[in-house]
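Colleague: Read off the chains here:
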Amino acid sequence: MKWSFGFQRRKRELQEEIDAHLQMAIADRVARGETEESARQAAEREFGNIPLVQDVTRDMWGQASLEQLGRDVRYALRQLRKSPGFTITATAMLAVAICANSTVFSWIDGTMLRPIPGARDTSELVSLQRGERTFSPTPPFSYLDYRDLREQNHTFAGILAYHHDWITLTGGAQPERVYIANVSANYFDVLGIKPMLGRFFLPDEESRPAIPSVVLGYSLWKTRYAADPAIVGKAIEIARHPVTVIGVAPEGVTGAMPGLREDLWVTLDPLGTEVWRMTHRSGGAVWLNVIGRLRPGVSRGQAAQDLDTVMRHIVAAYPNDHLGDNRITLDPLWRSPFGANGYIAATLPILLAFAAVVLLLTCANVATLTLVRFVSRRRELAIRQSLGANRMQLVRQMVMEGAVLSIVAGAVALVLTSWTSKTFAWFFPANSNPLILNGSMDHKVVIGIAVSSLLVGMLCGVLPAWRSSHAPAVEVLKAESASISGGSRNRKLLSALVVAQIALSLPLLLCSGLFLRTLRNLASANPGFEQDHILTASVGANIVGYSHDEEHVIRHKILDRVSALPGVKVATLTDWIPMTLSHKGVDAYPEGYVPHPHESLQVYDAEVAARYFESLHIPILEGREFTPEDDEKAPRVLIVDQTAARRYWPGQDPLGKRLRVWGSLFTVVGVAKNSTHIFVNESPEPMVYMSLFQAGYETIVQVETEGNPADLAPAVENTIHEIDPRLPVFDVRPMRESTQMASSLAVIQSVLAGMFALTGLILAVTGIYGVVAYRTQMRTHEIGIRVALGASRVDVLRLVLLQGLWLTAIGLALGLAFALGLTRIIVRLLYGIGAHDPVTVVSVVMILGGMSLLACYLPAHRAMRRNPVTAIREL
Amino acid sequence: MGEKDQYKNRIELLQGTLDMLILQTLQWGPQHGYGIVQALRTRSGDVLQVETGSLYPALHRLERQRWVQSEWKQSESRQRARYYRITAKGKKQLASDLGRWERIVEAIGSVMYVKPEESES
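Note that the protein sequences, when read in sequence, are chains C and L.
If you're matching positions, the first sequence starts at 1 in our numbering and goes up one per residue.
If you're matching positions, the second sequence starts at 876 in our numbering and goes up one per residue.
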């Protein structure tokens, strides 16, 4: 180490300097006539103790010496070993608090900070949204619109488009359901990903390539194709169509949508069968999600303006395809509404802020303990000071104790976090999406832990150390019990720390109370449909390569056979399950309706079979439900919900009105009662239901059962397999389980906030207990005298309780002000409860106040019961 | 005040004085440690005998405070030695030390040479 060389050099130079001194002294004496030998002796005698001079001089070099650092560390360790109780408690508390922060941060790191694994510089990437900003929007662009934006903009280095869905890999021993993405040819280029094997797509392969080609994801290549190094050029079968493997993506690449895993990639129209989708600009041809990479130096605002200009030209050229709102908004991927980050960005940063409060609280607690320790070590410190240690040295040694604690706590937190970072996935129930949400433990998290440790070390070490080093040595040495309680300076600091702990824990308690009640409200809210006796099962009829007609036959057979099963009340089909974070939407143009400027004409949609509303107990308010007769040959019909009816035909009878969807006119035959689409706390959006046999694509069997729906799962699955063993059946689960997805983030909020609040409560209560108990103990002598002079036990109780009461009251008042300000940031996450809900506020204040009082009462009680004689004799 | 505190005060006085004496010596030109000891002894008529145990820590402390700078040079007797030189900052410090010293001397003087009648009034 360079630094330690510097120290050795300085040591050598000092030796040389002293040698020179002696040489000159000897030379002078010899010049005056002394002999060489006696001159040397005299000079050395005159100089004094050489090692001592060296030692004292070296002390002047200051703290920049390794030796000294080592000494300080050893001293700190010795002191900490002397009080194992404090050391273990403080380290454990700090480790937990740091771990709370690093865990939440690792979740943010694994999701928001790494939105597209494997992509180059994701800060340059933005997701494009057209029209009204919503959560979990449907894919917003048609291929032609996308191509125009890609070719006519001036602000993007590249723009990619993709659409993904489930499909079945056939041709092997076992068919396998995988998540496939149709992507633009520049997909991997824009993301900045290089192939691990083979190549990615060429520009002329975007639609109808000469040979249909596919790029495999790393894990699919590994599991299904046994990591075959010669896979490139081989043909595989996707939904019974042969396609050629041209490349394999590197490990960890999972596609462009944050939080979802794509298994393999083909181009937009690999078989040439989707011509309609590639040549239209509206209706079913609006199917692409789009992500762009900004040119260096271009801001999001500039890019949005640029794209808006291009979009305005497109709208002017094809007005009928672009009714409604067409403004373009750009989002960085950490909060992109496409994929998981839109939800996560609203929750995790707030939880991180809570964790930071917990850390502060813990620091205050440990600082209190440290201060008390230093006060009880005043005599030792004073003796060291009078023996020549300067103030800086004392402070350094005390700070070192804090540093040792925080480093150990950081190391423990690091180990804990490597496990807790992976617990994020636990919060998401089984669902129909290939979710890959989890925390990640990388250098950013490690740096975060190091920074927290540093902060902790500063707060828990420096503050008490600086305060304690102020004590004038002589007074301390002289003073006995009278002033040992630490002098007024330390008393004030201790009080401030206790007040801070109460004030910080109150907002945590309040927020967690509000979150818990939100969760309860969500759980007990009526979503407008039956959840309890419903079983759903997805049938992959559309993904194994059946023709349209074959699919229809299969659907009818399924309906007939499942209806006949014992225990089944009603069987129906749908292509969408509410409250699963999935969302379908179409542009619906009501005949004769003039939209407001920028009004979005997109509505939620679902394709359902006869008896759907009956099975879910959704009342039909007007008209009729679908019947088996609403099939392909019959006139197109649809059912709207109340919101749609009110929006498009206010004050009129919606029955018989017509809507243009996907280019055809649909007649309204019924009005259904509103029910929840995605979240219980969503604002109602218009919804239309169409007949599955007229417009459906996917097939989900939905059964209302007499008993527990889970009991019927094997029977339903078997029945479908009896119709055709090759039919993939998946996501068979009770509705109750599926809809848990809608509250998963509320669960994360309340679980974490609850744990943080509990930690805060424990810390605050033990904090005030510790300080009051300690002070009372220090005043044992005084209290003994008071009692001896005639003070009653009640007086003693009041004396001790009163100081605790004061601290609690000030802490509660400050905390309440802080909390009421803070709850504003969580308003958006609450449901069915105000941010200043009086019941919650009062109960939280009562809990905290009550616990603090109890914490003060215990030492007061003990003091009251002391025998005054022993109390006076003590010390 | 006990004995200990008196002792402490004396040390402080001497320490401050030693710094001032060293800086004053260096005013006359760069000098090595041995030279400083000799110069102080000669100039004070053999009254001031500086301990090396105080001198070297003081020199290194003054250097850390950037009141002096040091460099290795050959002495007249061809002995390699570390020469200290006063810096601009050191000169400022010397001026302020001197001012304080003069005030102390004056204050002590006015106490010591006071006339008896005045002290009684």
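These are computed hints drawn from the structure, not numbers from a lab.
For clarity, every value in this text was computed on a predicted model and none was experimentally measured.
The reader is advised that the hints may include incorrect statements.
Residues of chain C placed beyond 10 Å of chain L at every Cβ, according to the derived structure [stated by the list, open to error]:
id, residue
1, Glu16
2, Ala20
3, His21
4, Ala25
5, Phe47
6, Phe730
Derived contacts from chain C toward chain L, CB cut-off under 8 Å, selection only [unchecked claim]:
id, residue
7, Gly48
8, Val56
9, Ser843
Simulated crosslink set (DSSO-like; lysine-lysine; CA at most 30 Å straight-line) [what the hints assert, rightly or not]:
id, chain 1, residue 1, chain 2, residue 2
10, C, Lys584, C, Lys557
11, L, Lys948, C, Lys194
12, C, Lys557, C, Lys492
13, L, Lys948, C, Lys11
Note that beta-carbon positions come from the ideal geometry of N, C-alpha and C, so glycine has one too.
Colleague: Work down the list of hints and note, for each, if the structure agrees.
Modeller: Okay, the hints, checked on the actual structure:
Annotated as non-interface, C:Glu16 brings its C-beta within 10 Å of a C-beta of chain L; the closest such distance is 8 Å. A beta-carbon of chain L is positioned within 10 Å of the beta-carbon of C:Ala20; the least distance is around 4 Å. With a least CB separation of 5 Å from chain L, C:His21 falls inside the 10 Å interface cut-off, contrary to its annotation. Under the 10 Å C-beta cut-off, the non-interface status given to C:Ala25 relative to chain L is violated; the minimum distance is some 6 Å.
For C:Phe47, the condition that its CB be more than 10 Å from all CB atoms of chain L is violated, with the nearest at approximately 5 Å. The claim that C:Phe730 lies off the interface holds: its Cβ sits roughly 75 Å from the closest Cβ of chain L, which is beyond the 10 Å cut-off. Because the closest C-beta pair between C:Gly48 and chain L is about 5 Å apart, less than 8 Å, the hint holds. At about 5 Å, the closest approach between the beta carbon of C:Val56 and any beta carbon in chain L falls short of 8 Å, and the interface hint on this residue holds.
Restraint check, C:Ser843 versus chain L: the minimum CB separation of about 59 Å is more than 8 Å; hint violated. Annotation: proposed proximity of C:Lys584 to C:Lys557 holds, straight-line Cα distance about 26 Å (limit 30 Å). Proposed proximity of L:Lys948 and C:Lys194 is contradicted: the alpha carbons are some 64 Å apart, above 30 Å. About 81 Å separates the Cα atoms of C:Lys557 and C:Lys492, which puts this hinted pair outside 30 Å; it is violated.
Taking the CA atoms of L:Lys948 and C:Lys11, the gap is about 18 Å. The hint holds against a cut of 30 Å.
Consistency with the previously given hints fails for numbers 1, 2, 3, 4, 5, 9, 11 and 12, ordered from lowest to highest.
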